[in-house]
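Asker: Single-letter residue listing:
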Amino acid sequence: DAKTTQPTSMDCAEGRAANLPCNHSTISGNEYVYWYRQIHSQGPQYIIHGLKNNETNEMASLIITEDRKSSTLILPHATLRDTAVYYCIAETSGSRLTFGEGTQLTVNP
Amino acid sequence: GAVVSQHPSWVICKSGTSVKIECRSLDFQATTMFWYRQFPKQSLMLMATSNEGSKATYEQGVEKDKFLINHASLTLSTLTVTSAHPEDSSFYICSARSQKNTEAFFGQGTRLTVV
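Taken in sequence, the protein lines are chains A and B.
Be aware that the first sequence starts at 1, since it is given in our numbering, and climbs by one per residue.
Be aware that the second sequence starts at 1, since it is given in our numbering, and climbs by one per residue.
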C-alpha cells in the first residue's frame, strides 16, 4: 500500500471550488487512487477513483499528475454539505482499503 | 453508487454480553466485505477482510475469537462482538465490494456502547 499524505485541514468558501491535494510519491503502477469522504458520524462515501487518467463524475473531478506521484480532488462548487473528512487512498484493485488521517474540509458560508 | 446497509444503527449492551451487527449489500453481490472500527476523532481502522464462503483474515492485533465474522452469503456479513467490554465501545463500519468493481461501498455504521 502506498503511503498518502494530505493536509490536516482546509477551508473553502461556499460556491467556490475546493481543491484537495494528496501526495502518493511511492505509488506503484498497479495502484489506484481512491477518494472517499466521511461526514460526521456516518460511514464513508465513495467519491471517485482513477489509475492514470483524469476522471470526472457527478460529484467531483480527479486530476492525477503525469508521474502519478500526486493527485487533486476538485469539488467544483462546494456547498455546506461538502464539509467532511476527505480520504485519499492508494491501493491495488480488489485489495483492502486502509485509511489515513485525511483532510478536514470546512466549507464556510 | 451501490447500497450497503448496516443494522442496527446503534446498540447499547451490558458488559459480558455479545452483540451481532449485520451488513448487507442490497443491490449487488459482495464477494468481499471489510469491517472497520473507528474511535472518536480518529480514522477508520481495518479489523478484518472476509470473502464469501471462507474464513475472515484479521488485521494484526485484532482478536479473532472476540470479533467473530461470518460471510455466509454474497449479500450478508455479520460481526459479533463477544463478551463485550466498555473499551469495545466504538463506531463499527462495514464495506462491501463486488467482483467487478474496484471501489468499495460503506454502510452507515453502528454505534456500539457497552455499559
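Since the hints were made in silico from the structure, they are not lab data.
C-beta atoms are modelled at their ideal positions from N, C-alpha and C, and glycine is treated no differently.
Worth double-checking, as some hints may not be accurate.
[Stated by the list, open to error] BS3-like, lysine-lysine: derived pairs with alpha carbons at most 30 Å apart: (1) A:K69 <-> B:K41; (2) B:K100 <-> A:K3; (3) B:K100 <-> A:K52; (4) B:K41 <-> A:K3; (5) B:K14 <-> A:K69.
[As the list claims (entries may be wrong)] Taking CB as the label site, the calculated pair distances span: (6) A:Q42 <-> B:K20: 15 to 25 Å; (7) B:V3 <-> A:T56: 34 to 44 Å; (8) B:H85 <-> A:E101: 21 to 31 Å; (9) B:D27 <-> A:L51: 21 to 31 Å; (10) B:Q42 <-> A:S95: 21 to 31 Å.
Asker: Okay, which hints does this one fail, numbers in order?
Answerer: 5, 7
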